[in-house]
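Participant: Chain by chain, the residues run as shown.
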Amino acid sequence: EPEVTQTPSHQVTQMGQEVILRCVPISNHLYFYWYRQILGQKVEFLVSFYNNEISEKSEIFDDQFSVERPDGSNFTLKIRSTKLEDSAMYFCASSGGQSSNQPQHFGDGTRLSIL
Amino acid sequence: AQKITQTQPGMFVQEKEAVTLDCTYDTSDPSYGLFWYKQPSSGEMIFLIYQGSYDQQNATEGRYSLNFQKARKSANLVISASQLGDSAMYFCAMRQMYNQGGKLIFGQGTELSVKP
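Line by line, the protein sequences give chains Y and A.
All residue numbers for the first sequence refer to my numbering, where the first residue is 1 and numbers rise by one.
All residue numbers for the second sequence refer to my numbering, where the first residue is 1001 and numbers rise by one.
Hints in this document: simulated from the structure, not taken from any laboratory.
Taking lysine-lysine pairs in the BS3-like style, the calculated list, with each CA pair at most 25 Å apart, reads:
(1) Lys1073(A) with Lys42(Y)
(2) Lys1070(A) with Lys42(Y)
(3) Lys1016(A) with Lys1115(A)
(4) Lys42(Y) with Lys1003(A)
(5) Lys1003(A) with Lys57(Y)
Quick list of the computed label-pair ranges, beta carbon to beta carbon:
(6) Gln1056(A) with Leu84(Y): 47 to 53 Å
(7) Thr1020(A) with Leu39(Y): 23 to 29 Å
(8) Asn1058(A) with Gly96(Y): 19 to 25 Å
(9) Gly1062(A) with Pro2(Y): 18 to 24 Å
(10) Asp71(Y) with Arg1072(A): 45 to 51 Å
(11) Lys1070(A) with Ser66(Y): 35 to 41 Å
(12) Lys83(Y) with Asn1067(A): 38 to 44 Å
(13) Lys1115(A) with Thr7(Y): 34 to 40 Å
(14) Ser9(Y) with Glu1061(A): 25 to 31 Å
(15) Glu1(Y) with Gln1083(A): 17 to 23 Å
(16) Ala1018(A) with Asn51(Y): 41 to 47 Å
(17) Leu84(Y) with Pro1009(A): 22 to 28 Å
(18) Leu1084(A) with Ser66(Y): 40 to 46 Å
In this text, a Cβ means the ideal position worked out from N, Cα and C, and glycines have one as well.
Just chain Y, with the same shape it has in the complex (with noise of 0.2 Å):
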């Protein structure tokens, strides 16, 4: 069965620094997103894109942040300048449509500990 590849799946990072979280989704699925769930706490939503574009972002989605799909199968998210409370799991999922009953399909997530 396809599935949503996420790189690397630990990221040790110094506070400042910029962090590139990779990942690969599902390879017949136009819509991609990024959530983060801090340990503990429940998921949440960062950003989704479509057609090389942003869709929607929610307000922890700031300037530091930033989505980019290089090429044809690659999805990534950038941290510009890591702060301590970045530090959380970060999934990558893909969907075949953005209609209510299209299940977004999740990576294995990246845990990104910033030191």
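Since the structure of chain Y is provided, determine the placement of chain A on it from the hints.
Facilitator: Using the frame of chain Y, we list chain A on its own:
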């Protein structure tokens, strides 16, 4: 504003018994979808089951079924014949039909522990 509420932080169930995990939601939109995801201790998010707001019948998927009560705005997950491997966090989520980006809104989750 849309909201998902899961009021049970933790639940215990004996192996082979059934368990119900509660989920209530709030939305003013007539068209929406409700989803349940399982998150084992390893961290990945696994899609379990979907219920559409216009679906007449409750969704079922193997040992998972969704008790959908639209008037009460509840979408409880029922797991029958619990197995040790069912021990995990379970998240209820909602997605609106015409939301621009199709984002999911999650509840706080319920941690299920299955006892042998």
